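Trainee: Start from the sequences and build out the full structure, keeping to the hints where you can.
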Amino acid sequence: MSYYSKESDVRVVSDVVKEYPHMIRIYIYHNSFPINPAPKLIVSRRKDKPDDVDIIRSIRRTRTTIYDLILSNKFDYWCTFTFSAKVGDRFDEKYCRHTMMVWLRNQRRHSPNLKYLVVPEYHKRCEDCVNAKVKTCIHPDRPKAVHFHALIADFNGALRLTKLRTKAGQKVYNATGYRSGFTKFVELYDTENPEKLANYMTKYITKDMPKFGGKKRYWVSQNLIRPKSTVNGIFAFRLEKLIWNRMPKCVTNDFEVMEIPKTSGIALTRDVQGHLLEVSPTASTDEKKRLAAMRKRSREGVDIFAHSPSVCTSISR
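Numbering follows numbering that gives the first Met the number 0, with no gaps: position 99 of the sequence shown is 98.
Treat the hints loosely; a few may be bogus.
Okay, the calculated beta carbon distance ranges per label pair [said to hold, decoys possible]:
hint, residue 1, residue 2, range
1, A84, K162, 21 to 29 angstroms
2, V185, N244, 40 to 48 angstroms
3, V230, E186, 33 to 41 angstroms
Below, in silico cross-link-like pairs of lysine-lysine (DSS-like), each with a Cα-Cα straight-line distance of 27 angstroms or less [what the hints assert, rightly or not]:
hint, residue 1, residue 2
4, K73, K248
5, K170, K73
6, K195, K206
7, K183, K206
8, K73, K202
9, K183, K202
10, K166, K215
11, K73, K227
12, K195, K73
13, K240, K227
14, K215, K93
15, K183, K170
16, K261, K195
17, K240, K215
18, K195, K215
19, K227, K215
20, K73, K215
21, K215, K183
22, K195, K227
23, K248, K195
24, K93, K206
25, K248, K261
26, K183, K166
27, K85, K195
28, K183, K93
Worth flagging that the hints you see were computed from the coordinates, not collected in a lab.
Keep in mind it's a predicted model, so treat the numbers as computed, not measured.
In this text, a Cβ means the ideal position worked out from N, Cα and C, and glycines have one as well.
Mentor: Written as structure tokens, this is what we have:
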């Protein structure tokens, strides 16, 4: 329950409910924690360089944001953008960033509703190792070329079918309007698992990835849908009966996560429980054993201010 103390004016948070188009995810904290909404004197804590804790929290927040965006939006293509050495310096991060942003901006001419989520990555091998056709780079200190991974929707540009195929046999297309290198566009079908796609995308968010402007780890279009988060939503939306005796998807030392599927297009309100697709709350013996094993294996502390679904996924395995 959410409440304010008259003496201290402190709000106590016990859970967070996130609403996606196809489900509701609930983070239930084992120990409630307070948030003081009263304004305080801000003390400058500016650092020359962020420490490891700040970096880990930043990476976790970035992964969570990307995870939420992928689960909240439907994308049409999984894309990779590379840069040709004949056109420009693909080792220059500023050049690659500028080229990518210009291309995205130009697509608005024929794709006004273009949606995108873009993440940069370094090549795994340096130029010499690529030319020598060495599988593993033997020069870890040498600069690596930059390329981009992207999820795109509502793209109306011209695509040309190539002879390439993915490991699953899917067709690979090339965007003819991109002349700074080569592109790979792979069509995403309705049967694609969004969580699998999100886990695959977030693996590129690392400590050593390219950061533009010193901070930016990803780009997104402004027309992407974001999940609606409600603090203490269990009480607000009367979800107590739906989560009673339900097995959580994962458990950590600080919180556990529950997922409730819902009918598409139904908004979460106090009287919406009847529209949610109910799952039998009765847990089998195997499920109880799996939960006990998860609790036993969970030794990793999680920052309660930056929820990370990827942590839960790794624990549930």
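Trainee: Check each numbered hint from earlier against the structure, then list the numbers of those it violates in ascending order.
Mentor: 10, 17, 27
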